[in-house]
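Asker: Model the full assembly from the supplied sequences, consistent with the hints where possible.
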Amino acid sequence: MPQILVEELSKTYRIAERDAGTMGAVKGLFHRRWRQVEALKAVSFGIAQGELVGLIGPNGAGKSTTIKILSGILEPTSGRCEVDGLVPWRQRVKHVARIGVVFGQRTQLWWDLPVIEGFDLLRDIYRVPQDRYVQARDELVALLRLDRVLNQPVRQLSLGQRMRCEIAAALLHEPPLVFLDEPTIGLDAPSKLAVREFIGRINRDRGVTVILTTHDMHDIEALAERVIVIGGGAILADGTFETLRAGVLAERRLFVDFTGEAPALDLPDVTVVNRDGRQLELAFDPRRIAAPALIARIAAAHSVDDIHVEEPLIEEVIARFYDLHGASEG
Amino acid sequence: MNGFALYGRYVLASIRMQLAYPASFAMLSLGSFLVTIVEFVGVWALFRRFGQVGGWRLGEVALFYGLVSVIFAFADAVSRGFDVFGSTFVKTGAFDRLLLRPRSPALQLLGYELRMTRIGRLTQGVLVFWLGLAMTHLHWSPWAAPILLFAVMGGVALFSGLFVMQATLSFWTVESLEVANVLTYGGEAAAEFPLNVYASWFRDILVFAVPIGCVTYLPMLAAIGRADPLGSPAWIGPLAPAAGFLFLGLALFTWRFGIRRYASSGA
Amino acid sequence: MSQALALCPYLAVFAGRLQLTLQYRAAALAGFATQLWFGVIRVLIFAAFYAGGAAHAPMSLTNAITYTWLGQAFLAFLPWSADPEITEMVRNGAVAYERLRPVDTYAWWYARALAWSVARVLPRAALMVAFAGVAMPLVGLGRWGLAPPSSFAAAGLFAASLVGVVALSAAITQLINVILVATMSDRGANALAGSVVNLFSGMVVPLAFFPDALRPWLRAQPFAGLVDIPFSIYFGALAGWSAIGGIALQFAWAMGLIVLGRWWLGAVMRRLQVQGG
Numbered sequence: 001m002p003q004i005l006v007e008e009l010s011k012t013y014r015i016a017e018r019d020a021g022t023m024g025a026v027k028g029l030f031h032r033r034w035r036q037v038e039a040l041k042a043v044s045f046g047i048a049q050g051e052l053v054g055l056i057g058p059n060g061a062g063k064s065t066t067i068k069i070l071s072g073i074l075e076p077t078s079g080r081c082e083v084d085g086l087v088p089w090r091q092r093v094k095h096v097a098r099i100g101v102v103f104g105q106r107t108q109l110w111w112d113l114p115v116i117e118g119f120d121l122l123r124d125i126y127r128v129p130q131d132r133y134v135q136a137r138d139e140l141v142a143l144l145r146l147d148r149v150l151n152q153p154v155r156q157l158s159l160g161q162r163m164r165c166e167i168a169a170a171l172l173h174e175p176p177l178v179f180l181d182e183p184t185i186g187l188d189a190p191s192k193l194a195v196r197e198f199i200g201r202i203n204r205d206r207g208v209t210v211i212l213t214t215h216d217m218h219d220i221e222a223l224a225e226r227v228i229v230i231g232g233g234a235i236l237a238d239g240t241f242e243t244l245r246a247g248v249l250a251e252r253r254l255f256v257d258f259t260g261e262a263p264a265l266d267l268p269d270v271t272v273v274n275r276d277g278r279q280l281e282l283a284f285d286p287r288r289i290a291a292p293a294l295i296a297r298i299a300a301a302h303s304v305d306d307i308h309v310e311e312p313l314i315e316e317v318i319a320r321f322y323d324l325h326g327a328s329e330g
Numbered sequence: 001m002n003g004f005a006l007y008g009r010y011v012l013a014s015i016r017m018q019l020a021y022p023a024s025f026a027m028l029s030l031g032s033f034l035v036t037i038v039e040f041v042g043v044w045a046l047f048r049r050f051g052q053v054g055g056w057r058l059g060e061v062a063l064f065y066g067l068v069s070v071i072f073a074f075a076d077a078v079s080r081g082f083d084v085f086g087s088t089f090v091k092t093g094a095f096d097r098l099l100l101r102p103r104s105p106a107l108q109l110l111g112y113e114l115r116m117t118r119i120g121r122l123t124q125g126v127l128v129f130w131l132g133l134a135m136t137h138l139h140w141s142p143w144a145a146p147i148l149l150f151a152v153m154g155g156v157a158l159f160s161g162l163f164v165m166q167a168t169l170s171f172w173t174v175e176s177l178e179v180a181n182v183l184t185y186g187g188e189a190a191a192e193f194p195l196n197v198y199a200s201w202f203r204d205i206l207v208f209a210v211p212i213g214c215v216t217y218l219p220m221l222a223a224i225g226r227a228d229p230l231g232s233p234a235w236i237g238p239l240a241p242a243a244g245f246l247f248l249g250l251a252l253f254t255w256r257f258g259i260r261r262y263a264s265s266g267a
Numbered sequence: 001m002s003q004a005l006a007l008c009p010y011l012a013v014f015a016g017r018l019q020l021t022l023q024y025r026a027a028a029l030a031g032f033a034t035q036l037w038f039g040v041i042r043v044l045i046f047a048a049f050y051a052g053g054a055a056h057a058p059m060s061l062t063n064a065i066t067y068t069w070l071g072q073a074f075l076a077f078l079p080w081s082a083d084p085e086i087t088e089m090v091r092n093g094a095v096a097y098e099r100l101r102p103v104d105t106y107a108w109w110y111a112r113a114l115a116w117s118v119a120r121v122l123p124r125a126a127l128m129v130a131f132a133g134v135a136m137p138l139v140g141l142g143r144w145g146l147a148p149p150s151s152f153a154a155a156g157l158f159a160a161s162l163v164g165v166v167a168l169s170a171a172i173t174q175l176i177n178v179i180l181v182a183t184m185s186d187r188g189a190n191a192l193a194g195s196v197v198n199l200f201s202g203m204v205v206p207l208a209f210f211p212d213a214l215r216p217w218l219r220a221q222p223f224a225g226l227v228d229i230p231f232s233i234y235f236g237a238l239a240g241w242s243a244i245g246g247i248a249l250q251f252a253w254a255m256g257l258i259v260l261g262r263w264w265l266g267a268v269m270r271r272l273q274v275q276g277g
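Chains as they are written, first to last, in our numbering: chain R, 1 to 330; chain H, 1 to 267; chain U, 1 to 277.
Certain hints may be false.
[As the list claims (entries may be wrong)] Simulated restraints on C-beta separations:
no. : chain 1 : residue 1 : chain 2 : residue 2 : range
1   : U       : 85        : R       : 8         : 49 to 55 angstroms
2   : R       : 155       : U       : 152       : 36 to 42 angstroms
3   : H       : 205       : R       : 90        : 39 to 45 angstroms
4   : U       : 29        : H       : 92        : 37 to 43 angstroms
5   : U       : 130       : H       : 134       : 42 to 48 angstroms
6   : R       : 77        : H       : 3         : 32 to 38 angstroms
7   : R       : 238       : U       : 29        : 47 to 53 angstroms
8   : R       : 138       : U       : 16        : 51 to 57 angstroms
[Unchecked claim] Just a few of them, taken from the derived set where beta-carbon distance is under 7 angstroms, the chain H residues facing chain R:
no. : residue
9   : 13
10  : 17
11  : 19
12  : 52
13  : 97
14  : 100
15  : 101
16  : 102
If you are wondering where the hints come from, they were derived from the structure by calculation, not from laboratory data.
Just so you know, even glycine gets a beta-carbon here, dropped at the ideal spot from N, CA and C.
Answerer: Given below as structure tokens:
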């Protein structure tokens, strides 16, 4: 029995439509036109305890709708959803006591209150027994290196510090399931690495189920064994990142620095993408011709100074995937 | 930790946060005091000219005035979360965060902020009431103290209920509704004078539609042992503040509908 | 021609702010409802007081009622607080950036204050006059509504006096702005201005109701020109030369406060320049 069970989940919003301009506003007072927006179309998936799943998709694709339904603050139009046997929106209080949520762009801590006092208040809100609270808190403070910011009001913290406090706050009550929405947004490189490292650790060492929503593909690549892609209200892909990549972009890039002027190259299964003085950028399908073979072929025919192979940018993979499925934003 | 204890913690945290800015707190409290006391200066000037209104002298009116000021100061202080609900929670989606906690959202909104600066209005109310005491020689009912205490409690319940209704409305309109100020601030202003001075249609609104008269006028009459010039029975006075609690109950009931709507429309 | 060009940026900011504030129709409507209620309360209170005998009343009940409705109509002219844009600037420390504009800072802010008050008054005044001045008489409640000016002369002088109100109000707003910038805090002046303005302008209760001994002082102070003087002109309590004197007093105070404000703002800005804002 998976921890999270989603079956034929659908959500349709009614949005009031109004013509533009003053006449439209006046008309809008008397007659409302409604537009149906299908945010989720019979979506199904299951997540087992301890998985770390990346949830990606273009904006407006249905990601936040899914998260909201799973967390219990939104009711679906139809379909079934259970988390640890509880129906999130029906048994809200019980359910939310067992989850932690981090919103990357909003803090749940109190702006003018020192961090530690905010933690204490959360302990009371979640009714955590004192001894368990102290243990959880001290562990989190150590892991996230918060000892020096504990007594500062949240408004004085940098974004990186605030996000680490945010994550600690979401885990104080030791939830078995955690939703992370854009946890690394706006962070500098060291902070991103620290956050990623921490997420990976709690998932590995404590078996906390993590659902990670992000636009930063490096987060996905670093953490998620499984990726669910949502586009246009439907699931476009559900598998490992590698399967996704392989399915979309059977392509790698080869950069060759020639000793002299870059020659004209005419090889089967190879496309010249860019020519820049003595460098050629080639695109090839590794299924058709393996990288070593291609390198050997070129080096045999020409004098070469340097060669390196590159994967396409993850963003390119994802963008290409969205395109292929007509799921791009807007 | 049960609801009351949690509320206590919220209050302590809120007080600490405000006292972190002592100068600002002092200024705002002083401002709140001055704005309200200045209104009473106007009342004083009118009495100096006319002597009495509706059969009441300045001291007696001061009792009513002080009572409603005290009630509103308390209600205004605790209801901040509901007052700013639309613009701070609904429009920004911050309400989601309240729903993600295993507690009643109403309790969390109650604990949002205890507006300490309302102490300015509270001080003004107490001062005016004390002035009224000093200026009058009334035959107070032996039950005056509990009656007035009940009136204050019912009054705070009533006005808080108005703030809750204002917040419930913003589930539909998204912004904080300034119009609702008519009932809250406007209600307080109306109850500053004993209700018999107003035209009867106005009075009826304030007793039956929004029972502000039940938490100020009627109990005060009972407390000072005066018969109602409008002819209501004597036993109504001490019991009337219950209407405030009923009103709050009604407000919280409609509040639930608002939350259901938020949860199904996704705001 | 060059004169007009020199005025241009100030006209531009005036027009821009006017348009922006006029967009807040919902706010105007909500404000109207609130003010209507408060107007009704005050009218009923006056009626109750007068019902007990108007022997000592300094004005007729009709005039007191007219005064009340006028007060609600033009409420937004009262300089209760600093310009919200300036409050925001003080809060996030961006005041110094105002000096980057190739304009006279005082005049710039003054134009903005003018636009802000005019834009907030126009819709509310229109609604209030429509309701209390037209609708109420139409349903037979004219006795409780806004009476017309006491004469054509009064109407004309009232219009002139309103200009005085606008100029004076903006000058006082500017002083509050300067205090805000000088103290670099958005609390003090904003918290205290409201009560002082309400009382001394005659908004809480017409100045005539205060003890007679205080009359000359109350009439002479700057805030009287915001409410008491123009409304007294409207229903003829101040007529002829006294009306003109009242208007002159409004403008005299406006001028004086503008001069004071300009000088003070200059000093504060210079200090900011030295300290680094």
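Asker: Does each hint fit the structure? Answer for all of them.
Answerer: Comparing the hints with the structure gives:
Residue 85 of chain U and residue 8 of chain R have their C-beta atoms about 52 angstroms apart, which keeps the hinted 49 to 55 angstroms range intact. Between residue 155 of chain R and residue 152 of chain U the C-beta distance comes to about 60 angstroms, which lies outside the given range of 36 to 42 angstroms. Remark: the range hint 39 to 45 angstroms for residue 205 of chain H to residue 90 of chain R is upheld by a beta-carbon distance near 41 angstroms. Our hint of 37 to 43 angstroms for residue 29 of chain U and residue 92 of chain H is violated, since their Cβ atoms are close to 23 angstroms apart.
For the hinted restraint 42 to 48 angstroms between residue 130 of chain U and residue 134 of chain H, the CB-CB distance of approximately 46 angstroms keeps it satisfied. The beta-carbon spacing between residue 77 of chain R and residue 3 of chain H, approximately 33 angstroms, falls within the hinted interval of 32 to 38 angstroms. About 51 angstroms separates the C-beta atoms of residue 238 of chain R and residue 29 of chain U, a value consistent with the hinted range of 47 to 53 angstroms. Between residue 138 of chain R and residue 16 of chain U the CB atoms are about 56 angstroms apart, so this pair conforms to the stated range of 51 to 57 angstroms.
A least Cβ separation of about 6 angstroms between residue 13 of chain H and chain R falls short of the 7 angstroms threshold, and the interface hint therefore holds. Checking residue 17 of chain H against chain R by beta carbon gives a least distance of about 4 angstroms; that is within 7 angstroms, so the hint holds. A least Cβ separation of about 10 angstroms between residue 19 of chain H and chain R goes past the 7 angstroms threshold, and the interface hint is therefore violated. Interface restraint check: residue 52 of chain H against chain R, minimum CB-CB distance 48 angstroms, threshold 7 angstroms, status violated.
Taken as an interface hint, residue 97 of chain H checks out: its beta carbon lies about 5 angstroms from the nearest beta carbon of chain R, inside 7 angstroms. The interface hint given for residue 100 of chain H is met, as the beta carbon of that residue sits about 5 angstroms from the closest beta carbon of chain R, less than 7 angstroms. Hint on residue 101 of chain H holds. Least Cβ distance to chain R is approximately 6 angstroms, under the 7 angstroms limit. Hint status for residue 102 of chain H relative to chain R: holds, with the closest Cβ pair at about 4 angstroms, below 7 angstroms.
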